[in-house]
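Q: If you read the sequences in order, they're chains A and B.
Quick note on the working numbering: the first sequence kicks off at 1 and runs consecutively.
Quick note on the working numbering: the second sequence kicks off at 1 and runs consecutively.
Some hints could be false.
Claimed, not checked - Under the rule of at most 20 Å between Cα atoms (straight-line distance), these lysine to aspartate or glutamate pairs were calculated in the DMTMM-like manner:
no., chain 1, residue 1, chain 2, residue 2
1, B, Lys27, B, Asp11
2, A, Lys167, B, Asp168
3, B, Lys146, A, Asp252
4, B, Lys232, B, Glu113
5, B, Lys56, B, Asp80
6, A, Lys134, A, Glu30
7, B, Lys58, B, Glu101
8, B, Lys150, A, Asp238
9, A, Lys150, B, Glu72
10, A, Lys167, B, Glu177
11, B, Lys176, A, Glu30
12, B, Lys167, A, Glu101
13, A, Lys176, B, Glu172
14, A, Lys29, B, Glu128
15, A, Lys56, A, Glu82
As the list claims (entries may be wrong) - One-sided and incomplete, this derived list gives chain A residues near chain B with beta-carbon spacing under 10 Å:
no., residue
16, Trp16
17, Ser26
18, Met28
19, Gly163
20, Lys176
21, Gly231
As the list claims (entries may be wrong) - Label-pair restraints from in silico Cβ distances:
no., chain 1, residue 1, chain 2, residue 2, range
22, A, Lys49, B, His66, 52 to 62 Å
23, B, Glu15, A, Thr235, 20 to 30 Å
24, A, Phe54, B, Glu255, 43 to 53 Å
Hint data in this document are derived by calculation from the structure and do not stem from the laboratory.
Note that the Cβ used here is the ideal one computed from N, Cα and C, for glycine as well.
There are 2 protein chains.
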Amino acid sequence: MSDINWKLVHDTAIEWTSEAGQYIRSKMKESFSVSTKAHQDDLVTDVDKAVEDFFKNKIVETFPNHRLMGEEGSYESVKDLEGIVWILDPIDGTVNFVHQESFFAISIGIFHEGIGMVGIVYDVMRDELFTSIKGNGAYINGNQIKPLTKTSLNESILSFNHGWVLKDRRLEELVKEARAIRCYGSAALEIAYVAAGRLDAYISFNLAPWDFAGGSVILKEVGGLATNYEGKELTFLDKDTFIAANPSIHHDIFERFLK
Amino acid sequence: MSDINWKLVHDTAIEWTSEAGQYIRSKMKESFSVSTKAHQDDLVTDVDKAVEDFFKNKIVETFPNHRLMGEEGSYESVKDLEGIVWILDPIDGTVNFVHQESFFAISIGIFHEGIGMVGIVYDVMRDELFTSIKGNGAYINGNQIKPLTKTSLNESILSFNHGWVLKDRRLEELVKEARAIRCYGSAALEIAYVAAGRLDAYISFNLAPWDFAGGSVILKEVGGLATNYEGKELTFLDKDTFIAANPSIHHDIFERFLK
């Protein structure tokens, strides 16, 4: 398996992502003309499943020895990361998809024997594509992202849900210390924003592998760190707490606030 | 003054906004090549002032009887809304401008004898332009926005800073009751998002007229409401508390949570 052409896998995954994005945008337009909130809720289910099926069929056809772990039903069958596994969220940011018709992403992490090799996060409506191949840096729409530079908590912008503050009051200290807090409602995009330097950390109490796989692979390419609240490596097999951060504040955040 | 051609004022304001946006994007590119955080902080001051001066000169030249109330120094001279007043924020979302190089806006509200006639909010990096003329509806990039439809708090997406929750614990109840909370860090954009139906309400403890003038004028055109925490009309002359909302939840929010 050492002679795998990761560039080919990467390019193929991007091609399919682009095709899936086009499909989602066309479905959005259809729904606009008949739209009610109820229809929109139905739409997300339909589109989620259709996009996951699309990837499933493409993978079986093109890379028959690759497996798919997806949010919509393909999860149960994948209990380990042996060989090559695609971890897919067909639509990350479901509430945004339904309600805002923007700020959601297709997220893909492709793993080889447990190691993230290819990362893709695609902001469908903004047409902004974050990509990486292990060892080759990270890119936004083909432009290389600079490695993350040193920062400190009081000049950082962090991102997490307001609701987490109510569940763990230690986050209030972060609200006070950080320069600003944001919340966009799509884990995949928010992790990609950490990679792009738009955010310095993204924190969540509860994420699934498909929420953070694509973003975490991309983040690593610019020197960012993604772990759980204990600072331990993610398994990419189970739900976990999650912190993605600029390396200069990652330790500070989990040591002082989350551990 | 009753024969003022508001379409002309509107079109002219859009033309200047577009030109200012181009200038800001070019400055961003320059700064990228020498960029450090310190330089970026200087940049915002320079660009803010340059954009405000640009509008000031254009207004004096083209509409000599109009006055300008801007964040950068033109504020002191405007103490009333007699005649025609442009209320301008050259860059709304300064932290985002410096840190994210996106998610900031040029915001303009043009008032006639205290009444909002023209609203403009321009997301410079995304090239997304929200506009309105009183009585003629609101638009995104020229496409008319539908009037806001009925919603309820438990299916709403609200937006406010995490920090406000620490200052007024009543907001915690909103976090629990709403479907989701977001925070983007640009009041002007967030009010425009309420107009666009992407958010159902935007709340702030402390905003200046230039933060909310443009967005509030646009919001009115789709049936949205903008008031202070007591539900009272904004003066557009002083800093105030602020809530912009879908009309079906506006009363509920300030009566139950903010009053």
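Q: Does Lys167/A pair with Glu177/B here, judged by a C-alpha cut-off of 20 Å?
A: holds (15 Å)
Q: Okay, Lys49/A versus His66/B on CB: inside 52 to 62 Å?
A: holds (55 Å)
Q: CA of Lys27/B to CA of Asp11/B, is that 20 Å or under?
A: With a Cα-Cα distance of about 25 Å, the restraint between Lys27/B and Asp11/B is violated, given a limit of 20 Å.
Q: Taking 10 Å as the limit, does the beta-carbon of Trp16/A come near enough to a beta-carbon in chain B?
A: violated (26 Å)
Q: Assess, step by step, whether the Cα of Lys134/A is no farther than 20 Å from the Cα of Glu30/A, and give holds or violated.
A: violated (38 Å)
Q: Is the Cα-Cα distance between Lys56/A and Glu82/A 20 Å or less?
A: Roughly 18 Å separates the two Cα atoms, so the pair holds.
Q: Go through the hint on Gly231/A and say holds or violated, using the shortest Cβ distance to chain B against 10 Å.
A: violated (23 Å)
Q: Taken at face value, is the distance from the CA of Glu72/B to the CA of Lys150/A at most 20 Å?
A: At roughly 31 Å apart (the allowed maximum being 20 Å), Glu72/B and Lys150/A break the hint.
Q: Restraint: Lys176/A near chain B, CB-CB cut 10 Å. Satisfied or not?
A: Hint on Lys176/A: holds, closest Cβ of chain B at ~7 Å, below 10 Å.
Q: Could you grab the alpha-carbon distance between Lys167/A and Asp168/B and see if it respects the 20 Å cut-off?
A: holds (17 Å)
Q: Hint says 20 to 30 Å; check whether the CB-CB distance for Glu15/B and Thr235/A agrees.
A: violated (55 Å)
Q: With a cut-off of 10 Å, does the beta carbon of Ser26/A approach a beta carbon of chain B closely enough for the hint to hold?
A: violated (17 Å)
Going through the hint list in order, the structure does not satisfy hints 1, 3, 6, 7, 8, 9, 11, 12, 16, 17, 18, 21 and 23.
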